[in-house]
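Take the sequences, apply the hints, and build the full model.
Residue numbers for the sequence shown follow this note's numbering, so the first one is -1 and each next one is one higher.
No wet-lab data here; the hints were simulated from the structure.
Since this is a predicted model, take the numbers as computed values, not measurements.
Keep in mind that the hints are not guaranteed to be accurate.
[As the list claims (entries may be wrong)] Mimicking DSSO-like on lysine-lysine, the simulated pairs with C-alpha atoms at most 27 Å apart in a straight line are: (1) K22 to K216; (2) K239 to K159; (3) K22 to K217; (4) K22 to K0; (5) K26 to K0; (6) K216 to K315; (7) K216 to K26; (8) K239 to K315; (9) K159 to K216.
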Amino acid sequence: MKRVIAVLDLPPRRSLPNVRASYKAAAKRWGAQVLWITNPLHSCHPFWQKMFVCEHVQSLFGSSHVLQLDNDMVIRSDCPSPFDLVEPTDFAMVSGRQSPQRRVDRASWNQMAHEEWARRCDVLAAPAWTHPNGGLYLYGTDAFGLMFAEIISNLLPTGGKHDLGCDECLIVNHLWTFHRSSIRFIPPDFNINLHQTPAWANNPVMQSFIYHFVGPTKKYLDQCRWQRTIPPELPYPWDAKANALANRFGENPPHIWQASNCLQSDTIANLLAIYPQMRIEILQVLDQSPRQTDEVRNVDRNQQFNATHTSYLCLPKLLLRLGPNSRRINISGST
-1 MKRVIAVLDL
9 PPRRSLPNVR
19 ASYKAAAKRW
29 GAQVLWITNP
39 LHSCHPFWQK
49 MFVCEHVQSL
59 FGSSHVLQLD
69 NDMVIRSDCP
79 SPFDLVEPTD
89 FAMVSGRQSP
99 QRRVDRASWN
109 QMAHEEWARR
119 CDVLAAPAWT
129 HPNGGLYLYG
139 TDAFGLMFAE
149 IISNLLPTGG
159 KHDLGCDECL
169 IVNHLWTFHR
179 SSIRFIPPDF
189 NINLHQTPAW
199 ANNPVMQSFI
209 YHFVGPTKKY
219 LDQCRWQRTI
229 PPELPYPWDA
239 KANALANRFG
249 ENPPHIWQAS
259 NCLQSDTIAN
269 LLAIYPQMRI
279 EILQVLDQSP
289 RQTDEVRNVD
299 RNQQFNATHT
309 SYLCLPKLLL
319 RLGPNSRRIN
329 ISGST
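And the structure:
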């Protein structure tokens, strides 16, 4: 079956050179072909035009496994193939919720949007937690061609509305109604929503596999460096400990590395960024041993947090720095 990376690349916002270069390199590694769709597939909003991509690919290549991407994404040069994660009979997406601030309860924006589009299209409303990050869809044309045709049949009855997360709601509601057992979620590493990971957006060194420059983060897109260097470039290069460890580990890092406490946020972030298979075990939130300080300016962070019983305040900073890479840490103790 043909592997196709299909990209709607329509005016007024065309893809940038680093986007195109990263897609081309990824296609070569994954044994796929990139299809740049530079002319409108239908006279409707681009959100609706996404629904016509499946049929367009089928007409050009026949039966295909399609990775449908937006044109504001960058693929790091060591990104493994998402085609290998699922079968063409699965419909794979990445969760739209990548920040704890994004609610998924019954009163959430997600649920309201799903229910409104369900009403418009006369289908079931998918649960709020299933709302995807719409930059990436991975599916087989044979398995889901009819579903996209059914979605397209709602274009005129809905007046071509494109509000309320249009393409995400159209797709996930129809999947939930007709193909619920085919829904697959692949890890956030394959579609990092930088609007929800602001600590990564303005850093040109990629810390995971696929970045999606959503909304105001697009201003950083042209600065993003997708090619890995040898040795790997650190996102926080001033961290002496991470530099020393990277030199020691080389290309054979340990599967698990132990950090003494969560104040080593730069070191932890650097190691997780350059070693995508590494997991880090944080032995305790803070080290109990005090350090020499002058008690005024050079205040020992361990001492102040321990004295005030507020060591938990270290964790939000760490988690914000790590973003989706936080799922590869484990805190085995606390104070």
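Hint check results:
Straight-line distance between C-alpha atoms of K22 and K216 comes to about 20 Å, which keeps the hinted pair within the 27 Å bound. The straight-line distance between the Cα atoms of K239 and K159 is roughly 53 Å, outside the 27 Å bound, and the hint therefore fails. Distance check on the hinted pair: K22 and K217 sit about 22 Å apart at the alpha-carbon level, within 27 Å; holds. A threshold of 27 Å between alpha carbons decides the hint, and for K22 with K0 the separation of about 16 Å falls inside it, so the pair holds.
In summary, the hint linking K26 to K0 is supported, as the alpha carbons are separated by about 13 Å, within the 27 Å threshold. Only pairs whose Cα atoms come within 27 Å are accepted, and K216 paired with K315 is accepted, the gap being roughly 24 Å. Proposed proximity of K216 and K26 is supported: the alpha carbons are some 26 Å apart, at most 27 Å. This hinted pair checks out: K239 and K315 have alpha carbons roughly 19 Å apart, not beyond 27 Å.
The straight-line distance between the Cα atoms of K159 and K216 is roughly 24 Å, inside the 27 Å bound, and the hint therefore holds.
Going through the hint list in order, the structure does not satisfy hint 2, though it satisfies all others.
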